[in-house]
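Order-wise, the sequence lines are chains A and B. Its first residue numbered 1, the first sequence is counted upward by one per residue in our numbering. Its first residue numbered 1, the second sequence is counted upward by one per residue in our numbering.
Please note that the accuracy of each hint is not assured.
Estimated spans, in silico, between C-beta atoms of each pair [as the list claims (entries may be wrong)]: (1) B:Gly-160 <-> A:Leu-92: 44 to 52 angstroms; (2) A:Gln-198 <-> B:Gly-160: 54 to 62 angstroms; (3) A:Ser-91 <-> B:Gly-174: 55 to 63 angstroms; (4) B:Ser-139 <-> A:Glu-70: 46 to 54 angstroms.
Keeping only pairs whose Cα atoms sit at most 20 angstroms apart, straight-line, the calculated EDC-like set for lysine to aspartate or glutamate is [said to hold, decoys possible]: (5) A:Lys-199 <-> A:Asp-155; (6) A:Lys-190 <-> B:Asp-53; (7) A:Lys-199 <-> B:Asp-200; (8) A:Lys-210 <-> B:Glu-37; (9) A:Lys-174 <-> B:Asp-53; (10) A:Lys-95 <-> B:Asp-200; (11) A:Lys-116 <-> A:Glu-70; (12) A:Lys-174 <-> A:Glu-187.
Chain B side only, calculated, beta carbon under 8 angstroms to chain A, not exhaustive [what the hints assert, rightly or not]: (13) Pro-48; (14) Asn-148; (15) Ala-173; (16) Glu-175.
Quick caveat, the hints were computed from the structure, so don't treat them as lab data. Think of the CB as a built atom: it goes at the ideal place given N, C-alpha and C, for glycine as much as any other residue.
Each chain, written out:
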Amino acid sequence: MKTCGLSFFQARGGTLTPVEEIRAGESERADELAAIGEVLRGNRDAFRLIVDRYKGLVVRLALSFLGNREEAEEAAQEIFLRAYRSLHRFSLDRKLLPWLYSIAVNHLRSAYGRMKRREERVTAVEVELAAGGEADPQRVVMEEYDRDALRRAVDSLPPTLREVVVLYYYEEMKVEAIGAVLNIGVENVKSRLFRGRQKLRESLQRNATKEGLP
Amino acid sequence: MNDTCQRVDAAISEWEQGHVSDAQSLFFIINHSRACERCARAYGALIPLIRRDAGERSGLVPFEESPSSSFTDSVMRRATRVKVHHFSGRTMQTVRWALPLAGCVALLLGIGGLVLQGRMRSAGAQVMVRFTLEAPLASRVSLAGDWNGWRPGELNLKAGQHGVWEIIVPLRAGEIYTYDFLIDGQRWVPDPHSESQIDDGFGGLSSVLRL
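Input sequences plus hints: build the corresponding full structure.
Take a look at the structure:
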């Protein structure tokens with residue numbers, strides 16, 4: 001599935017050729033601008049196009065931040081509502097997706113804080129098991145264990161490092177796009193990634209030592 | 001721990017420093033970790049991150065999530081419930097009734113701030129709120145907030161003396177609102193005398209009003 005503006009964010013593109021991507025992007029952008037205009041003129045239902053187009057990416061982003069499917073869907077809905085309320089403030093010469101991501105990241109920061117405070121968080125990220133019966137059960141269990149361990153380590157990072165690590169490694173966004181969304185420079189993104197990797201490695205090794213690593 | 005483990009330690013250290021891993025290093029780490037319990041426990045959880053830096057997908061979150069089938073309908077249903085309060089005759093009647101009950105009429109003049117006229121704490125009651133902004137160079141000032149869907153141009157302030165603009169808006173007690181002023185249709189500014197301000201998500205600030 002091709003999603004408008006995605007190439008700005010994700011390090012790897014889809015199956016379309018570059019020319020096809022540009023044409024598809026222009027056509028989708030025209031649709032979006034028309035929809036935004038409709039909404040601002042009072043046709044609320046025109047917002048449906050925006051939700052349908054970006055819901056997959058926004059839910060995925062929320063899942064990366066929150067690590068819980070139900071919380072992610074709820075947060076994603078609130079992100080769209082926040083965007084809806086703020087649509088008149090969207091500058092038509094900008095791309096919609098980076099604007100939407102900026103709203104999303106701001107919302108998810110506080111949503112994550114609220115979730116932590118409620119202490120209802122489920123830390124496990126759903127593991128997509130490989131189709132077919134050839135997967136080594138022991139390896140699958142180990143991978144699941146590793147993902148949980150990684151998630152716990154990521155969640156223990158300071159917020160400024162955590163959000164960069166989530167956007168880069170979970171969302172697989174480019175450093176330039178992360179800088180744009182968080183309103184920080186590329187060097188700052190790289191520096192946070194370096195410190196994030198360092199802390200993750202230390203944290204994981206510390207935990208492994210506690211569990212009897214030789 | 002053998003020589004291979006030491007090579008894995010070195011490869012991890014290189015990765016941590018930000019030296020981009022190549023596919024060869026990645027496969028070396030993965031293959032060794034599958035055979036070595038020590039390295040699997042020390043570095044297994046980092047493999048998705050190394051995979052990402054080696055140009056592969058990390059695979060930590062499915063590439064395109066499929067929200068529930070009711071997702072869009074649910075957002076649209078909630079969007080229709082966004083509260084929009086307008087001036088109306090009914091509103092003014094409610095206010096006239098509310099004022100004596102509130103027992104106070106605050107006619108304080110505030111420069112660059114808001115004044116509640118007849119503060120009514122019971123949730124849902126209408127209260128009149130006067131918003132003022134000192135902007136002597138402005139030719140037009142309007143007010144927008146989440147109560148009117150942030151639509152600019154609906155609530156235009158009247159120019160008063162000494163460059164102070166003013167408008168009175170009926171709002172509901174028990175709610176928390178965010179709002180900003182729009183100067184000359186171009187520049188959003190928060191209320192300098194609002195009780196607090198929050199990040200508006202666009203690099204600016206929104207004023208907060210608790211009634």
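Hint check:
| no. | hint | verdict |
| --- | --- | --- |
| 1 | B:Gly-160 <-> A:Leu-92: 44 to 52 angstroms | 34 angstroms, violated |
| 2 | A:Gln-198 <-> B:Gly-160: 54 to 62 angstroms | 58 angstroms, holds |
| 3 | A:Ser-91 <-> B:Gly-174: 55 to 63 angstroms | 34 angstroms, violated |
| 4 | B:Ser-139 <-> A:Glu-70: 46 to 54 angstroms | 50 angstroms, holds |
| 5 | A:Lys-199 <-> A:Asp-155 | 11 angstroms, holds |
| 6 | A:Lys-190 <-> B:Asp-53 | 12 angstroms, holds |
| 7 | A:Lys-199 <-> B:Asp-200 | 31 angstroms, violated |
| 8 | A:Lys-210 <-> B:Glu-37 | 15 angstroms, holds |
| 9 | A:Lys-174 <-> B:Asp-53 | 11 angstroms, holds |
| 10 | A:Lys-95 <-> B:Asp-200 | 18 angstroms, holds |
| 11 | A:Lys-116 <-> A:Glu-70 | 15 angstroms, holds |
| 12 | A:Lys-174 <-> A:Glu-187 | 13 angstroms, holds |
| 13 | Pro-48 | 7 angstroms, holds |
| 14 | Asn-148 | 10 angstroms, violated |
| 15 | Ala-173 | 21 angstroms, violated |
| 16 | Glu-175 | 14 angstroms, violated |
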